[in-house]
Amino acid sequence: MINETELIEQLKQGDETAFKTIVEQWKDMVYNTILGIVQNETEAEDLAQDVFIKVFEKISTFKGDSKFSTWLYRIATTTALDHLRSKKRKKRFGFLQSLGGGDEKETIPDFHHPGVSLDNKERATVLFKAIESLPENQKTAYTLHKLEGLSYRDVSEVLNTTVSAVESLMSRANQNLRKELEEYYNKHYK
Amino acid sequence: MTSKEKIQQEIEQTLQCIDGVKRAEANPFLFTRIQARMAKKDSAWERTFSFISRPAIAMAIVVLVMAVNGWALLGSNSNNSVIGDTANVSELANEYNVVASVDNYDYENLTNE
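Chains V and U supply the protein sequences, listed in that same order.
Mapping of the first sequence onto numbering that gives the first Met the number 0: position 79 corresponds to residue 78, and the numbering continues sequentially without gaps.
Mapping of the second sequence onto numbering that gives the first Met the number 0: position 101 corresponds to residue 100, and the numbering continues sequentially without gaps.
Worth flagging that the hints you see were computed from the coordinates, not collected in a lab.
Please note that a few of the clues may not be correct.
[Unchecked claim] DSS-like, lysine-lysine: derived pairs with alpha carbons at most 25 Å apart:
1. K40/U / K57/V
2. K19/V / K21/U
3. K128/V / K3/U
4. K178/V / K5/U
[To be verified] Taking CB as the label site, the calculated pair distances span:
5. R73/V / A43/U: 30 to 36 Å
6. A57/U / S97/V: 21 to 27 Å
7. V62/U / S163/V: 48 to 54 Å
8. Q24/V / V64/U: 48 to 54 Å
9. S167/V / F28/U: 39 to 45 Å
10. R152/V / V64/U: 51 to 57 Å
11. S2/U / S163/V: 35 to 41 Å
12. V162/V / A57/U: 42 to 48 Å
13. A43/U / L117/V: 46 to 52 Å
14. L117/V / F28/U: 25 to 31 Å
15. M58/U / S163/V: 41 to 47 Å
16. R152/V / A57/U: 41 to 47 Å
17. D81/V / M58/U: 18 to 24 Å
Even glycine gets a Cβ: it sits at the ideal position worked out from N, Cα and C.
Work the whole structure out from these sequences, hints included.
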């Protein structure tokens with residue numbers, strides 16, 4: 000089996016087989032990360048394609064200072080967050096249109112992560128709804144740690160920050176999630 | 000158990016529900032789809048379209064078209080002198096053999112030709 004460095008070198012030469020190997024090896028990691036952030040399977044698949052196309056086009060800029068997976072995580076999280084930002088902009092524009100008598104407001108369906116067991120399905124839906132409301136950096140750190148199982152050190156490398164900064168992000172994310180969940184359960188217990 | 004305690008318990012359970020969650024699997028045909036997207040992206044039409052549809056380029060084209068229209072409009076207005084118009088009309092009349100005032104004599108002459 001070819002090692003990672005050789006694979007990257009081959010990809011830099013434009014080798015399609017190397018590209019295929021990279022896609023096959025890292026597609027679940029990229030897809031799962033994006034899915035956790037955008038919470039929509041169709042959009043996550045399109046964005047995963049975008050990420051690998053970017054990898055193919057930008058591989059020459061990869062200097063090997065960080066791990067390839069770290070670089071890939073960075074592209075995946077940036078692509079997902081950019082997508083959310085553009086969606087938010089469109090939503091704002093849609094709201095303005097609806098004020099002017101445009102289309103009705105669209106309803107967002109509940110998100111079910113395919114990796115969650117059946118017993119936890121409902122709970123996870125509530126949690127993902129709360130995760131959606133987190134600020135970008137907290138959402139990214141939380142997704143990478145909880146869904147991808149990255150250590151705080153690995154998360155700090157992806158986010159290009161310190162471990163203590165990630166600890167602080169995670170702590171604030173947990174506080175915000177508790178607040179959101181408390182609101183939800185207070186409403187649904189009465 | 001009070002309702003507050005019950006809610007706290009629910010929150011804890013919900014926060015833990017994605018611990019050890021399985022990784023979502025990507026479409027097995029992802030690579031084929033990427034290849035198709037890249038082939039489409041490489042086509043000349045696609046490249047032209049994506050270049051034109053960039054907001055900055057699209058705006059520049061609109062501004063250019065408006066500028067050309069404005070220039071054409073202003074240019075045609077400044078050339079509208081009476082003499083120029085008369086000369087143009089008589090030139091056109093001669094070219095198409097149209098006579099401005101036709102009396103009977105002229106008319107007969109014309110039809111006899």
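- Query: Okay, R152/V versus A57/U on CB: inside 41 to 47 Å?
  - Reply: holds (45 Å)
- CA of K19/V to CA of K21/U, is that 25 Å or under? holds (24 Å)
- Starting from the hint 41 to 47 Å, judge whether the C-beta atoms of M58/U and S163/V obey it. holds (45 Å)
- Query: Falls inside 48 to 54 Å, the C-beta gap from Q24/V to V64/U?
  - Reply: holds (49 Å)
- Item | Range hint compliance [Cβ, R73/V to A43/U, 30 to 36 Å] | Because 32 Å falls inside the window, the suggested range holds.
- Does the Cβ pair L117/V, F28/U satisfy 25 to 31 Å? holds (27 Å)
- Query: Taking the CB of A57/U and the CB of S97/V, does the distance hold inside 21 to 27 Å?
  - Reply: holds (25 Å)
- How does the Cβ-Cβ distance of S2/U and S163/V compare with 35 to 41 Å: does it lie in that range? holds (37 Å)
- Query: Is the hinted range of 39 to 45 Å satisfied by the C-beta distance from S167/V to F28/U?
  - Reply: Holds: the Cβ-Cβ distance is about 41 Å, inside 39 to 45 Å.
- Could you see if the CB distance from D81/V to M58/U stays within 18 to 24 Å? holds (21 Å)
- Query: Does K40/U pair with K57/V here, judged by a C-alpha cut-off of 25 Å?
  - Reply: Answer holds: K40/U to K57/V is near 15 Å, not above 25 Å.
- Between K178/V and K5/U, is the straight-line Cα distance small enough, at 25 Å or below? Holds: K178/V and K5/U sit about 15 Å apart, inside 25 Å.
The earlier numbered hints are all upheld by this structure, with none contradicted.
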